[in-house]
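Colleague: Spelled out from the first residue to the last, the chains are:
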Amino acid sequence: MRDHLGNELLSKTQAFARGIYLLEDCEGTFHWDITATGLDYTCDFNSIAACFGTYGLRMITRTTTPTANDYVKVKRHFGIPPAGLLVVRTKVTSPDWAHVQDVILRLDDEDGATSQSGIFRFTPATPACTYFDDTGGYTTLPGMDLVFSNGTWLNFAMAIDCIEKEYIWCEIAGVHVDLPGIPLYLWGAATTSEIGFSLTVMSNGTDQATLYADAISATEYEEL
Amino acid sequence: MRDHLGNTLLASNLEFARGVQLLDDCEGTCNWIAAGTGGDYVVTYATAAACFGLKGLHLATRTTDTAADDVVSATKRFNRSPNGLLVARGKLMCPDWTLVKYLSIALNVYHISRLYKAIFRYTPATDVHAYLNTAGTYTTITLMVERYTNGTWLTWELSINWTQLKYWGLTLADYTPAVSTAGMYNSGAGTTMEAELILSIQSVGAAVATAYFDAISVLDCPDI
Numbered sequence: 004m005r006d007h008l009g010n011e012l013l014s015k016t017q018a019f020a021r022g023i024y025l026l027e028d029c030e031g032t033f034h035w036d037i038t039a040t041g042l043d044y045t046c047d048f049n050s051i052a053a054c055f056g057t058y059g060l061r062m063i064t065r066t067t068t069p070t071a072n073d074y075v076k077v078k079r080h081f082g083i084p085p086a087g088l089l090v091v092r093t094k095v096t097s098p099d100w101a102h103v104q105d106v107i108l109r110l111d112d113e114d115g116a117t118s119q120s121g122i123f124r125f126t127p128a129t130p131a132c133t134y135f136d137d138t139g140g141y142t143t144l145p146g147m148d149l150v151f152s153n154g155t156w157l158n159f160a161m162a163i164d165c166i167e168k169e170y171i172w173c174e175i176a177g178v179h180v181d182l183p184g185i186p187l188y189l190w191g192a193a194t195t196s197e198i199g200f201s202l203t204v205m206s207n208g209t210d211q212a213t214l215y216a217d218a219i220s221a222t223e224y225e226e227l
Numbered sequence: 132m133r134d135h136l137g138n139t140l141l142a143s144n145l146e147f148a149r150g151v152q153l154l155d156d157c158e159g160t161c162n163w164i165a166a167g168t169g170g171d172y173v174v175t176y177a178t179a180a181a182c183f184g185l186k187g188l189h190l191a192t193r194t195t196d197t198a199a200d201d202v203v204s205a206t207k208r209f210n211r212s213p214n215g216l217l218v219a220r221g222k223l224m225c226p227d228w229t230l231v232k233y234l235s236i237a238l239n240v241y242h243i244s245r246l247y248k249a250i251f252r253y254t255p256a257t258d259v260h261a262y263l264n265t266a267g268t269y270t271t272i273t274l275m276v277e278r279y280t281n282g283t284w285l286t287w288e289l290s291i292n293w294t295q296l297k298y299w300g301l302t303l304a305d306y307t308p309a310v311s312t313a314g315m316y317n318s319g320a321g322t323t324m325e326a327e328l329i330l331s332i333q334s335v336g337a338a339v340a341t342a343y344f345d346a347i348s349v350l351d352c353p354d355i
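Chains as they are written, first to last, in the working numbering: chain A, 4 to 227; chain B, 132 to 355.
Chain A extracted, bound-state conformation:
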């Protein structure tokens, strides 16, 4: 058998490249799974949410009887990367950070035996960034007590090791924190084998929380 390894599809159409699991420019068809509080939340591709191109992902908590901790969550599922590494990146902003309780980036790693999660959370009001630790609580990350203007686009990213079941790093707005050896949280047994990737916005009070996201990717390697 000939060598099947060779040139990778690094050019033009990245969707065909080997290590890419998700590449969402928010310009095409909306295929995210949505869960949210109430009924009249908003979750779509909209021009006001564009960081690049014409559209971005718009998430707004419910209009009717809004309360604190209302949320909108979008989720995609894909296979476990063979290399075991998974990097998710996006750009996010809010037209009013004061109405946002949390922005949460989450990776659920189900390998057929167990279900474990890596969760990276930005809390603008505090301000703080935290990760979900192996005891089921949130641990504050150093140097990430950042305040941003409304409308500022932020890089928001996390990497996990799906083999060692550990965090690798978290990043927001160019501030990078390595998390070597920090285990993911173990939920329990699982029979499915897949990765679940979700992005959530939660409201801070009785005002609707709005989050825009664009250029959302999940890849199995880090960039050089």
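Bear in mind the hints are in silico, worked out from the structure with no lab data behind them.
Any given hint might turn out to be false.
[Said to hold, decoys possible] Partial pick of chain A residues on the chain B-facing surface, computed with a CB cut under 7 Å:
no., residue
1, Ser50
2, Ala53
3, Phe55
4, Thr57
5, His80
6, Phe81
7, Gly82
8, Gly154
9, Thr155
10, Trp156
11, Leu157
12, Asn158
13, Ala176
14, His179
15, Ala218
16, Ser220
Even glycine gets a Cβ: it sits at the ideal position worked out from N, Cα and C.
Using the hints provided, position chain B relative to the given structure of chain A.
Modeller: Relative to chain A, chain B alone:
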């Protein structure tokens, strides 16, 4: 720990690349933050403003009650780069330089509770190119005395090293003066942690000043 480096997102969809803070071909939705004198200034994507593709960014001062020193600006905010470098670049053109008093490109950084400004300013009437110095006044770049024909598209670049709070480079058309020892202006208190690119023009007299921009990018490292 295994090698975490592998596939790179270097190809067609540059918006997914790690070091890209802004990438605006002005073909999608215009989400620049607009400001200016009066109410009917223009910050939009227009076909007349296209250097590449169908549209470019059209800046024009107000039409009603036009007066000298009317201004219009377009702003984008994004996170600071992790490696300390920010390189803003694009194309610009003016259909009538005689109506423009100043054309300014600003790359500002909010850092440790202060707002630091780097501003490159061109004065068409006198051919003076200048940068904002640490004292808050403009230093003329003496070897940069150029006059441009109406309708000529010029390449511009403004780059900073925000960890050292210094300019890193300036370019307009074909000239790149040495400014790497020049410090940014500490303009006062800032509470946020981000960077911003501001494109602006100011009118000479009671006529509408216009400038066009296209292919606008901000990267966190220079091109190789």
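Colleague: Taking the hints in turn, state whether each one holds.
Modeller: Hint-by-hint comparison with the structure:
no.: 1; hint: Ser50; result: 4 Å, holds
no.: 2; hint: Ala53; result: 4 Å, holds
no.: 3; hint: Phe55; result: 4 Å, holds
no.: 4; hint: Thr57; result: 4 Å, holds
no.: 5; hint: His80; result: 20 Å, violated
no.: 6; hint: Phe81; result: 15 Å, violated
no.: 7; hint: Gly82; result: 16 Å, violated
no.: 8; hint: Gly154; result: 6 Å, holds
no.: 9; hint: Thr155; result: 4 Å, holds
no.: 10; hint: Trp156; result: 5 Å, holds
no.: 11; hint: Leu157; result: 5 Å, holds
no.: 12; hint: Asn158; result: 6 Å, holds
no.: 13; hint: Ala176; result: 3 Å, holds
no.: 14; hint: His179; result: 6 Å, holds
no.: 15; hint: Ala218; result: 4 Å, holds
no.: 16; hint: Ser220; result: 5 Å, holds
The earlier numbered hints that this structure contradicts are 5, 6, 7.
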